[in-house]
Amino acid sequence: MLPKKIKMKRVLQLFMISVFLMGSKSSVNSQYLISCEYVNTTNPLGLSLATGLTLQYDIDMYKMVYNTVDALGQPTIASGAFLAPSNTTCVDFPMLVYHHGTSLRKIDVPSNDVGETTIGRVFGAGGYFVLMPDYIGMGESPGLHPYCHGESEATATRDMIRAAREFIADSLNMIDNGELFLTGYSQGGHAAMAAHKYIEENNLLSEFNVLGSAPCSGPYEMSGAMADTILSPYPYSNPGYLVYLLSAYQMVYGNLYNSYSDVLNFPYDTIVPPYFDGNNTTLAMGSLNNLLSGYIDTLMVDTVVANFSNSMSTYNHPLWTALLDNDNHDWTPQRAIRMYYCTGDEQVTFQNAIAAEATMNANGANDVQAINMGTGDHNDCVLPALIAAYYWFDGLRTLCNATGISEVNSIQKPFAFPNPVNDQLTIHFKGHGLLKITSVLGQEVFSDLVSGTTYLSTESWDTGVYIVEIQHDNKRLIQRVVKY
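Quick note on numbering: this note's numbering labels position 162 of the sequence shown as 162, and the sequence is numbered without any gaps.
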């Protein structure tokens, strides 16, 4: 039984929220939202077991289609996955945008419930409205995708947030709490950074209140670290990315070539056209990579590479102009950024994050860090990077506004800090219990009875993800911690 004073406060609070919701419903005229169709519901148990995170909400997935603009600023449509917590008495949640990695087939997008959509489910089950834009030219959006084109990545994000707010107010009888988080992996790291940069540089923080962005393993320095790939004498693991970039930038800027034979040697100039016709639903990036040479001087026409190299000091080349236009490492963010990376990344060099951190901090950024998540390659880095982002966001967000006390009390609060950790882990625990810490591979690094606050040196731990468990009174507290 709640005290009378608290009861009255809760009633007034809910009344004000209901008034806001009714007002939103009557005023929303769906300027952005076209449709939002229910797809399925996921229970959080399997997600918790797979990640070790404490996830408490069922997740409803929807396929959203909305109005936006293309890379040339012309009206078009785009699609994406929208995920919302469902088994809840909460009435508001923060909003999180996850930007997906490179995909070549138009159908390999979050709104079609591909494997990467599971990442959105994990964040959603932790208590977020999750938006996963398919991007312009992907999913239901017509034409070729403008790959790694910062402005269209940002505007697709901007307008999906607006469409999602219309849907939340009109159809879910809920509201977002005004907090926005941005993340993404690989190309999604570039897109997350582009969205954050766009919001701040266009003075949109009052509409999109970014509390933190966590781009992961992204190509932020297109004219630097990524341009080095073109000039490198060593083979590149994903030459299809480069052809994707050339095709996209030709579509956007129109001055890179007249035909593929102008930039690609035979037979590559005859292989690539079906992959980039703007309607590709069958040909995947993996098959393209297998057909291309990883040596750029074999793949590309020698005079093109030579002209690009010779203009490095002046940037007097249309490809340099396009790359510079899509850099998103050289600006001055006012809101916090964490860039997670791995030093063994063979697809997107970690030097992108190092360069971005140095440049932003030199510019006077408030709170920017590049965080090393270990020596893993591009695929190995996904889990530790995104779990680190999850915990960082969790420390910044506001908990949901529940209509009952029981739900708030049932949420396990983090007890191991900081997370990610470098040299010392602090365990906050009132009482006596068995503390066990194991790596995700099952290697035990600590096991002992503890009482009260405990401090552990982690300097000797390998970089990676660890499971921290406290057993007491027939109960278990479990938290994942990232060591960097």
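Incorrect hints may appear among the rest.
Taking CB as the label site, the calculated pair distances span [as the list claims (entries may be wrong)]:
| hint | residue 1 | residue 2 | range |
| --- | --- | --- | --- |
| 1 | I34 | L205 | 18 to 28 Å |
| 2 | G344 | N87 | 38 to 48 Å |
| 3 | D228 | N255 | 52 to 62 Å |
| 4 | N255 | S460 | 50 to 60 Å |
Read the hints as simulated data drawn from the structure, not as lab findings.
Cβ atoms here follow ideal geometry from the backbone N, Cα and C, with glycine treated the same way.
Please name the hints from earlier in the document that this structure breaks, with their numbers sorted from lowest to highest.
-> The structure breaks only hint 3.
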